[in-house]
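Enquirer: Sequence:
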Amino acid sequence: MRMVRKEVSQSEDFSTWLNRLLFAAMTFGATWLFLDGLYAALSLADGGTILHYLFLGLAGVTFIWMAFGAANATLGTMAILRGRGHDTIKLAAPSRIRGLDLRRGDSPTALLFPIYHENPEDIAQTILTLSEQLRNRAESQRYHFFILSDSQSDQARNREHHTFKRLIRVLGPQFSVVYRNRKLNTEKKAGNIADWVSNFGAAYPYFVVFDADSRMSAETLDALVSTMDLNPTAGLIQTVPRLRDSETVFGQLQSYASVTFGEPSAAGFAAWQGASGNYWGHNAIIRTLAFAESAGLPQLEGRAPFGGHIRSHDFVEAALMRRM
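Residue numbers (our numbering): 1 to 324.
Wrong hints could be hidden among the right ones.
Stated by the list, open to error - Distance windows between CB atoms, simulated:
1) Ala-24 x Gly-85: 19 to 27 Å
2) His-162 x Arg-182: 33 to 41 Å
3) Ala-41 x Thr-233: 49 to 57 Å
Unchecked claim - Using 27 Å as the maximum straight-line C-alpha spacing, the simulated BS3-like pairs for lysine-lysine come out as follows:
4) Lys-165 x Lys-188
5) Lys-183 x Lys-165
6) Lys-189 x Lys-165
Derived from the structure by calculation, the hints contain no laboratory data.
All C-beta atoms in this analysis are idealised placements derived from N, C-alpha and C, irrespective of residue type, glycine included.
From just these sequences and the hints, can you work out the full model?
Expert: Here is the structure:
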């Protein structure tokens, strides 16, 4: 788990700054060694054409991204060997979670499913599976499901309407499920979330964002909410998601890489980002008030893709929350 604080501390932890310096040294040091070796291999000491130097520059830009990943994983492996793991915030213990259940009934948590022309049956099945896990838990009624559709065709809207109407009947009165469709998908997903915050956010201290294909267990949800309760300066807690159910060869390779290298990579980010971790747009719990006060996105001047609304909104939202 990684968090973004809603308040900016006056001083960063010394070890975090030390890790940042070490991370930068490894990244740029490896890139320098690569460029030095390539420079020698191309015999540029004896002169070269503009194409040689263009190749050297492009190769360096490409390699620095590889060095970034390698340095991050190395730093993460060092953190794991020291027993620090990949969490930057301590999750609430199970006993503590149960102790909080009886006192949280009037502070519901919203579970948001922003969708855009996705298969509604898959979304319904995800909600149904999660609701079955929650059904026999004391805190089940504190979770309210919101299906936030930006689908624009009448065919997609009708299919969603019938699917989620059936889902509401199946779940019964124990669970609150709201489906709404925006007529205009202004600002895409960021606008979809902003619309929910404006219309519903005041009733919910926290909200959890899912992707259309996201999965999260009831136990993880409860741990996230309880940890937020115990850490009032945390604005966002991001889980470390893993890829699953890939059907293509490329997807399966990505899934294997995620499982194999995901923990060292996450531990590396935790080591040098500390409480300033990034937001990946899903599988995270967010403090609604902090998000509403700080994460409103500006309209950039000029024409798309460099102007207009911000596409990679999650990166920017995390930075805005961290700056607050």
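Enquirer: Of all the hints numbered above, which does this structure not satisfy? Sort the numbers upward.
Expert: Violated: hint 2 alone.
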